[in-house]
Amino acid sequence: MRKWFICLFLIFSFSYTSQVHAFSKQVIQRGAVGDDVIELQARLQYLGFYRGKIDGVFGWRTYWALRKFQYKFKLPVDGLAGETTKQKLVRASKYYKSFVYNNLRKGNTFTHYGGVPLSKQVKARKTKKQATAAKAINTRANSKQMAVKRVKSAAVNVPNGFSQNDIQLMANAVHGEARGEPYIGQVAVAAVILNRINSPSFPNTVAGVIFEPGAFTAVADGQIWLTPNETSRKAVLDALNGWDPSSGALYYFNPHTATNGWIWSRPQIKRIGKHIFCK
Amino acid sequence: MLRILLIGALSIGIAGTAYWGYREHQQKNAILIHAENNYQRAFHDLTYQIDLLHDQIGTTLAMNSRQSLSPALAEVWRLASEAHATVGQLPLSLLPFNKTEEFLSNIGSFSYRAAIRDLDKQPLNAEEYKTLQQLYKKSADIQQELRNVQHLVLENNLRWMDVELALATNNRPNDNTIIDGFKTVEKNVQSYNETDFGPSFTSIEKRTKGFEHISGKKITKEEAKQIAKMFLGLKGNEDIQVVHSGEGASDAFYSVTIKHPKTKSETYMDITEKGGYPIWVIENRPVNKQNISLNEATMRGLQFLKQHKFNNFELYESTQYDHVAVLTFVTAKDGVRIYPESIKMKIALDDGNIIGFSARDYLSAKRERKIPKPSISIEQARKKMNPNVTIMEERKAIIMNNMNQEVLCYEFLGTLGDDTYRIFINAQNGMEEKVEKLQNPEPIYGEI
Numbered sequence: 001m002r003k004w005f006i007c008l009f010l011i012f013s014f015s016y017t018s019q020v021h022a023f024s025k026q027v028i029q030r031g032a033v034g035d036d037v038i039e040l041q042a043r044l045q046y047l048g049f050y051r052g053k054i055d056g057v058f059g060w061r062t063y064w065a066l067r068k069f070q071y072k073f074k075l076p077v078d079g080l081a082g083e084t085t086k087q088k089l090v091r092a093s094k095y096y097k098s099f100v101y102n103n104l105r106k107g108n109t110f111t112h113y114g115g116v117p118l119s120k121q122v123k124a125r126k127t128k129k130q131a132t133a134a135k136a137i138n139t140r141a142n143s144k145q146m147a148v149k150r151v152k153s154a155a156v157n158v159p160n161g162f163s164q165n166d167i168q169l170m171a172n173a174v175h176g177e178a179r180g181e182p183y184i185g186q187v188a189v190a191a192v193i194l195n196r197i198n199s200p201s202f203p204n205t206v207a208g209v210i211f212e213p214g215a216f217t218a219v220a221d222g223q224i225w226l227t228p229n230e231t232s233r234k235a236v237l238d239a240l241n242g243w244d245p246s247s248g249a250l251y252y253f254n255p256h257t258a259t260n261g262w263i264w265s266r267p268q269i270k271r272i273g274k275h276i277f278c279k
Numbered sequence: 001m002l003r004i005l006l007i008g009a010l011s012i013g014i015a016g017t018a019y020w021g022y023r024e025h026q027q028k029n030a031i032l033i034h035a036e037n038n039y040q041r042a043f044h045d046l047t048y049q050i051d052l053l054h055d056q057i058g059t060t061l062a063m064n065s066r067q068s069l070s071p072a073l074a075e076v077w078r079l080a081s082e083a084h085a086t087v088g089q090l091p092l093s094l095l096p097f098n099k100t101e102e103f104l105s106n107i108g109s110f111s112y113r114a115a116i117r118d119l120d121k122q123p124l125n126a127e128e129y130k131t132l133q134q135l136y137k138k139s140a141d142i143q144q145e146l147r148n149v150q151h152l153v154l155e156n157n158l159r160w161m162d163v164e165l166a167l168a169t170n171n172r173p174n175d176n177t178i179i180d181g182f183k184t185v186e187k188n189v190q191s192y193n194e195t196d197f198g199p200s201f202t203s204i205e206k207r208t209k210g211f212e213h214i215s216g217k218k219i220t221k222e223e224a225k226q227i228a229k230m231f232l233g234l235k236g237n238e239d240i241q242v243v244h245s246g247e248g249a250s251d252a253f254y255s256v257t258i259k260h261p262k263t264k265s266e267t268y269m270d271i272t273e274k275g276g277y278p279i280w281v282i283e284n285r286p287v288n289k290q291n292i293s294l295n296e297a298t299m300r301g302l303q304f305l306k307q308h309k310f311n312n313f314e315l316y317e318s319t320q321y322d323h324v325a326v327l328t329f330v331t332a333k334d335g336v337r338i339y340p341e342s343i344k345m346k347i348a349l350d351d352g353n354i355i356g357f358s359a360r361d362y363l364s365a366k367r368e369r370k371i372p373k374p375s376i377s378i379e380q381a382r383k384k385m386n387p388n389v390t391i392m393e394e395r396k397a398i399i400m401n402n403m404n405q406e407v408l409c410y411e412f413l414g415t416l417g418d419d420t421y422r423i424f425i426n427a428q429n430g431m432e433e434k435v436e437k438l439q440n441p442e443p444i445y446g447e448i
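Line by line, the protein sequences give chains A and B. So in full-length UniProt numbering, spot 105 of the first sequence is number 105, and the numbers just go up one at a time. So in full-length UniProt numbering, spot 240 of the second sequence is number 240, and the numbers just go up one at a time.
Hints listed in this document are in silico derivations from the structure and should not be mistaken for laboratory results. Take these hints with a grain of salt, some might be off.
[To be verified] According to the in silico footprint, chain B covers these stretches of chain A (three or more CB under 8 Å from chain B): (1) 27 to 35; (2) 53 to 61; (3) 181 to 188; (4) 200 to 208; (5) 212 to 218; (6) 236 to 246.
All C-beta atoms, glycine included, are put in the ideal place defined by N, C-alpha and C.
All chains should be built: construct the whole structure from the sequences, respecting the hints.
Printed below as a string of structure tokens:
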């Protein structure tokens, strides 16, 4: 198995060729994701400016690397990869696209420094899945289909202070609580969770608020563990990014099913779909 | 023969069912007991923590030297936040128990602020001392009440599961000891509000963001409709509905829902009643491909702001989520960024249209302000920084500090190791107001 792998990598490292044409026309700016960012990171790494992971997300490390490059090459230092910067970068560096994409696809740990043989820059990820992935790639290599397919980035942008797992947990709660509601109602439910985190009368964490006994019916009856759809995830992201359709509400209830009399005594802010949001 | 067989089969069936039922019952009981035990642990923990809290506040009252007072106050802070977390584990969220939680959280922030302060230079003043004494008394009341409930719980073998059931079904028996006990606690704390924490504390407390500074006359539903049309550039054939906010809203507003007849997508928008400012907009539609770059989206965002008379804005943050750009703009005046005045925008990267807008922060912070002259130079501020941080960018900025006051700062962007930090040094007294570690992109876990 091991040998097989090494063989495979050898074949790959011979077959990789650096590409001349590069980058789409866009000006790349911090926060961007996608193929251009992968190329930008790889090229900056080739020249030794960027020492982070090539993950396809234009974060702070890429930003500083780009600025350093602009400074060294006597370009205006603005942290934007515009036309001139990209041209200079392409002229100064090489980019082994298929090498980068193959490793991204396999989830390997790899680098893309200039002057070091590519085969020495990969540390394969050892997982069970890899066997199947390698097989798939093997067949692909055999059939000489080395065309680079669109690859998913190895990282994503997340709102400050929250992880993908927090987003997932909140999406679960929103889906369980409000999946039949209009989109805005789902954003509002997510916003209520966030308002509670900031309120002194409630726990201070995502999990603390969601799992507070009796706080959400979807948690009590297990609907929270339904698989959330893309809409609820989008709603959570909007709420995390600062949209609050509930206008600071801490509670909401469905007037048809609410059994607790106390909730009616709260000052009501607005109604969205079936839910009444209140202070 | 057949009959005997049948009877035999049936009795085996019955016995099997009975055994299965018994097992189910046992399992259900085990889970119930497990849940009950969790509640019991949280409850007994809470009483114990309040005990400790009460004692600890008592000890701080008797202390004088900074060396012992600071750690003691820090301990109060720890106990208060622990108790606050424990309350969150009890099934009380349907019971009005907020005041108690708020009280605990306020004790926490009060003691925290006192603990981190240099008590040699700025010892506790008479007022704060009085606050501590009152806290001591209040916590004694809570402790008494909780101890009482605890005693009854233990003596009568009361179960928290019953409380939960009673709260959920709303036919609470009048003599539910636990509920009554907690209600008494709540009533006790209610008499003690924020202002008792001293005048400095109220300004510290996070105020709910209201739009006190906006001006203008009250608008009508029809005007709200017009504003929405203007702001969103509608064609006029859309179905628009306007609803006024309820009496619980801190600032009255209109909620506008716009249905587009062609695309069937919906746009939602809130507009303040006073002055008719747009608070936020969200359009929900799928964005499946990218045609324009994040950079171009930024340009469009800035142009949109200019068009709608939001002047002097510059880009602060830009982030791309799939095919949507989320942008944050802040105002800048004479080269000073005013961070509280921020506007967020969502721009679809397929056609470059604005699909989200939020001016809540801007509306609550916007006012005429005079930017003060800094008393220290940027060189002096630079010296206040951690020497290990490499400074990459610097500028002046106004931010909200921990005490919820606006302060003029020198802002430095610097790197330390692989991470980037945003550091604010107060331009008047050189204090390090805020240090933020900026978010790195998060790797995707568990995917090939």
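The hints, checked one at a time:
no.	hint	result
1	27 to 35	holds (count 8)
2	53 to 61	holds (count 6)
3	181 to 188	holds (count 4)
4	200 to 208	holds (count 6)
5	212 to 218	holds (count 4)
6	236 to 246	holds (count 7)
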